[in-house]
Amino acid sequence: MFCKNSVYAATALSLMAGGAFAETITIATVNNGDMIRMQGYTDKFTEETGHEVEWVTLEENVLRQRVTTDISTKGGSFDIMTIGMYETPIWGANGWLVPLDDLSEEYDVEDILPAMRDGLSHDGTLYAAPFYGESSMIMYRKDLMEKAGMEMPKDPTWEFIREAAAAMTDRENDINGICLRGKAGWGEGGALITAMSNSFGARWFDEDWNAQFDSEAWADTLNFYKGMMDESGPSGYASNGFNENLSLFQQGKCGMWIDATVAASFVTNPEDSTVADQVGFALAPDNGLGKRSNWLWAWALAIPAGTQKEDAAREFIEWATSKEYIQLVAENEGWANVPPGARKSLYENPDYQEVPFAQMTLDSILSADPQNSTVEPTPYVGVQFAAIPEFAGIATDVSQEFSAAYAGQQTVEEALEKAQDLTNDAMEAAGYR
Amino acid sequence: MARAVTQQRKIANTALAWGIGFLIFFPILWTILTSFKTEAQAIADPPIFLGFDWTLANYEAVLERSNYGRFLWNSIVIAGGSTILGILIAVPAAWSMAFVPGKRTKDILLWMLSTKMLPAVGVLYPIYLLCIQFGVLDSKIALVIILMLINLPIIVWMLYTYFREIPGEILEAARMDGASLREEVLYVLTPMAIPGIASTLLLNFILAWNEAFWTLNLTAAKAAPLTAFIASYSSPEGLFYAKLSAASTMAIAPILILGWFSQKQLVSGLTFGAVK
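So the protein sequences, as listed, match chains A and B.
Here the first sequence stands for residues 1 to 433, numbered as in the UniProt record's numbering.
Here the second sequence stands for residues 1 to 276, numbered as in the UniProt record's numbering.
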C-alpha cells in the first residue's frame with residue numbers, strides 16, 4: 001500500500017514539476033504568409049516542449065507601434081516580438097532585447113546568412129533570429145520581353161530597364177512596361193527610392209549627418225524614376241505600394257516589377273496569378289557604380305528584455321528558425337513554401353535549388369550589404385533605411401514629398417528642397433548636427 | 001394639381017433618400033460581397049459585382065485561424081460594460097445639469113467636450129504606464145474604464161439634451177407628492193427619458209464597439225476585441241482582401257443586426273425633441 005502511494009505521489013510530483021516548466025508564451029507577429037504558416041505548426045512545438053503559444057497577429061504598421069510602446073515602457077505584454085532589420089540594432093543598442101549569444105550547438109548559428117546576421121546584430125551580438133529574409137529583384141514577363149525583341153540580362157542597368165519598359169508598354173491593351181512603388185511611407189515607396197538612389201551614387205547623410213538631397217545624385221534618381229514611370233508606368237503610380245503592384249502584375253498588366261523577393265512565390269502561383277508560367281527573374285538594376293538597387297530585409301524573432309519566460313521564448317525561437325522547421329514545412333507544403341533567405345543550408349539543398357526563384361533570391365540577398373550600401377561613405381547602417389530611431393519619421397515625411405512630386409503636385413526640385421530642409425531640421429532637433 | 005406635385009416630390013425625396021442610403025451602405029455591401037470571392041476575384045479589374053462563384057472558403061480560413069468567439073466575447077464585455085458604466089454615471093450628472101444648473105454648468109459641459117479634442121495618441125504613454133502600474137494591461141476592465149471615460153462626455157451631453165426637454169414641473173409635482181431624489185430620478189425622470197437613454201445606450205455601444213485605438217494598443221492575447229481580430233487580417237505585403245473582408249463582415253455582423261432591430265428606437269431617440 002505504502003509502495004503504491006509512493007508511486008502515485010512521485011507521479012503527481014513529476015507531473016507538477018513538468019507543469020511548472022511548461023509556460024504559455026505570447027508572440028506578437030505580422031500578418032504574412034510565412035508567419036501564418038508558422039502559427040499552423042505551433043501544435044508541433046507544444047507537443048515537443050509542452051509550452052503553449054498565444055499569438056497576437058497585427059498589420060505591420062500597427063504591430064510596429066504596438067511593440068514599440070510595449071518595449072519602451074517595459075510593458076511585458078509579449079515574450080517574443082517579430083521585428084525587422086531596422087528595429088533590431090537600435091533596440092539592441094538600447095538594451096531592450098535579450099542577446100541571442102548562447103544558442104544551442106544544434107541550432108548552428110553559423111548557418112545563418114552573414115548579411116542577415118550582420119543586419120540583426122549590434123556590436124557583433126545577435127539580437128534577433130531571422131525567420132525569413134528578403135531582398136528585391138526584377139520580376140518580368142518573358143513573353144512580353146520576347147515580343148519587344150529584347151533579352152533580359154542577369155544583371156541589367158537602369159538604362160536597359162527604361163528602354164525595355166518603353167518597348168513593352170502597350171497602352172491599348174492596358175500593359176505597363178514597369179510597375180514600381182510610389183506610395184508614401186518609409187517602408188513603401190521610401191524603401192524603393194532609397195535603394196534605387198544607392199545605385200545612382202546618392203546617400204541620405206554625409207559623415208557629419210548633413211542631409212544630401214541637394215546632391216546631383218538625388219536629382220538624377222528622382223528625375224529618372226519619374227521620367228520612366230510617366231513614360232511606362234501605370235496611371236496613379238504615385239499611390240501604388242506592394243499590394244497594388246502585385247495585383248497589377250498578377251493580372252498581366254505589368255511588363256516588369258522590381259520588388260521584394262517574397263513576391264516571386266505569389267506571381268508564380270497559378271492559383272492567383274494569370275501569368276504564373278511567364279515570369280522571369282533578374283538582379284535589381286545598377287548604374288555601373290558598383291552598387292545595385294536591391295534592399296535587404298528580414299523578419300526576425302526577438303526576446304524583449306525583462307520577460308519572465310526567457311527560456312521558453314528562446315526554445316521557441318530556436319525551433320521556429322531551425323533547419324528542422326524548414327524541413328517540416330517542405331515535407332508538408334513543398335519547397336516553394338519554406339521561409340526563404342535566412343539559412344545557407346537551404347540554398348545548398350538540391351531540392352530547393354529546383355525552385356525557379358531560389359538562386360536569384362540568394363544572389364540578391366548576397367549582393368546587398370547593409371554595412372556598406374552606398375557609393376560614398378555614410379555614418380549609418382542599412383540599405384533602404386538608416387538605422388537610427390529618427391529615420392522612420394523623417395523618411396515618411398520625405399517620401400510624402402516625393403509622392404507629391406510623382407503625382408505632379410510639385411516639381412522634383414521642390415520635393416528635394418523640402419526633403420533637404422525637413423531632414424536637416426529634424427536631425428538638428430535630434431542633436432545629430 | 002397640388003396633390004400631383006406633392007406626390008412627385010414624395011417620389012423624388014424617397015428616391016433621393018434611398019440613393020443616399022445606398023451610397024452610404026455601399027462600402028459595407030462591397031465588403032460583404034468580397035468576403036464571398038476568391039482572393040483573385042477580390043482584386044479583379046474591372047471589379048466583379050455579382051457574377052462570381054460564391055465561396056465560403058474565406059470564412060472557413062478565418063474561423064480555422066482565429067478564435068472568433070473569444071474576440072466577440074471581449075467586444076461584448078468591453079462595449080457593454082463601458083456603456084452601462086457610463087450611463088450609471090451620466091444619468092445623475094445630466095440630471096443635476098439639466099434641473100439644478102449652477103453658474104458654471106455651461107462651462108463644465110464645454111470643458112467635458114473639450115477633452116474629446118485631444119488626440120488619443122497624445123496620452124498613449126501615460127495611460128499605458130498607468131495600466132502597467134495597476135497591472136491591468138491586456139485586461140477587459142482597463143478598457144471598460146477607458147472607453148467609458150472617452151465616451152462619457154457624449155453620453156452626458158446627449159442625456160442633458162434629452163432631460164432638458166422634460167418639463168421641470170413634472171419632477172416638481174413628484175417632489176410635492178413626497179418622492180425622494182432617488183425615486184424622482186428612478187421612477188419619474190428615467191421612464192420619461194427611456195427613448196433618449198435607449199438611443200444614448202445604442203450609440204455609445206456602437207462607438208465603443210468600433211473603437212480601434214485603445215483596443216489595439218492596450219491589448220495583447222487575452223482582452224483583444226474584434227478590432228484586433230480585423231487588424232490581424234490586414235497586410236501591406238500580401239493580398240488578403242477576401243479574408244480581410246470575411247473578418248470585417250464577421251466583426252460588424254453583430255452590431256449591424258443590433259442596429260437593424262433597434263433602428264426605430266435609435267431614430268426616435270436621435271430626433272427626440274427635434275419637432276417640439
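Derived by calculation from the structure, the hints in this document are not laboratory data.
Yeah, the Cβ is synthetic: ideal placement off N, Cα and C, and Gly gets one too.
Any given hint could be a false lead.
To be verified - Not everything, but these chain B residues come out facing chain A in the computed CB check (under 10 Å):
no., residue
1, E39
2, Y125
3, I132
4, F134
5, A224
6, S234
What the hints assert, rightly or not - Once the Cα atoms are required to be at most 25 Å apart in a straight line, the calculated SDA-like pairs of lysine to any residue come out as:
no., chain 1, residue 1, chain 2, residue 2
7, A, K309, A, V98
8, A, K253, B, F52
9, A, K253, B, F49
10, B, K222, A, S265
11, A, K74, B, V121
12, A, K142, A, F160
13, B, K222, A, V412
14, B, K140, A, T24
15, A, K253, A, P356
16, B, K222, A, S72
17, A, K154, A, N61
18, A, K74, A, P356
19, A, K142, A, Y352
20, A, K44, B, S66
21, A, K74, B, V136
22, B, K116, A, K142
Hints and how they fare:
The interface hint given for E39/B is met, as the beta carbon of that residue sits about 6 Å from the closest beta carbon of chain A, less than 10 Å. Because the closest C-beta pair between Y125/B and chain A is about 7 Å apart, less than 10 Å, the hint holds. Restraint check, I132/B versus chain A: the minimum CB separation of about 6 Å is within 10 Å; hint holds. A least Cβ separation of about 12 Å between F134/B and chain A goes past the 10 Å threshold, and the interface hint is therefore violated.
Hint status for A224/B: holds, given a least beta-carbon distance of 7 Å to chain A, under 10 Å. A hinted interface residue such as S234/B counts as satisfied when its beta carbon comes closer than 10 Å to some beta carbon of chain A; here the least separation is about 4 Å, so the hint holds. Our distance criterion of 25 Å between C-alpha atoms is met by K309/A and V98/A, whose separation comes to about 12 Å. Of the pairs offered as hints, the one joining K253/A and F52/B holds, with about 21 Å between alpha carbons and a cut-off of 25 Å not exceeded.
For the proposed pair K253/A and F49/B, the alpha carbon gap of about 21 Å is at most 25 Å, so the pair holds. The straight-line distance between the Cα atoms of K222/B and S265/A is roughly 34 Å, outside the 25 Å bound, and the hint therefore fails. Restraint check for K74/A and V121/B: the C-alpha separation of about 18 Å stays at or below 25 Å, so the hint holds. About 15 Å separates the Cα atoms of K142/A and F160/A, which keeps this hinted pair within 25 Å; it holds.
A hinted pair counts as satisfied when its Cα atoms are at most 25 Å apart, and K222/B with V412/A does not qualify at roughly 49 Å. For the hint pairing K140/B with T24/A, the CA-to-CA distance comes to about 20 Å; that is within 25 Å, so the pair holds. Distance check on the hinted pair: K253/A and P356/A sit about 22 Å apart at the alpha-carbon level, within 25 Å; holds. Distance hint between K222/B and S72/A is fulfilled; the C-alpha atoms sit about 21 Å from each other, no more than 25 Å.
With a C-alpha separation of about 34 Å, the suggested pairing of K154/A with N61/A is violated against the 25 Å cut-off. A C-alpha spacing of about 44 Å is found between K74/A and P356/A, which places the hinted pair above 25 Å, so the restraint is violated. Note on K142/A and Y352/A: the hinted pairing holds, with a Cα-Cα distance of about 22 Å set against a maximum of 25 Å. Among the hinted pairs, K44/A with S66/B is consistent with the structure: their alpha-carbon atoms are about 18 Å apart, no more than 25 Å.
Pair hint K74/A plus V136/B holds up; C-alpha atoms about 14 Å apart against a cutoff of 25 Å. In summary, the hint linking K116/B to K142/A is not supported, as the alpha carbons are separated by about 56 Å, beyond the 25 Å threshold.
Consistency with the previously given hints fails for numbers 4, 10, 13, 17, 18 and 22, ordered from lowest to highest.
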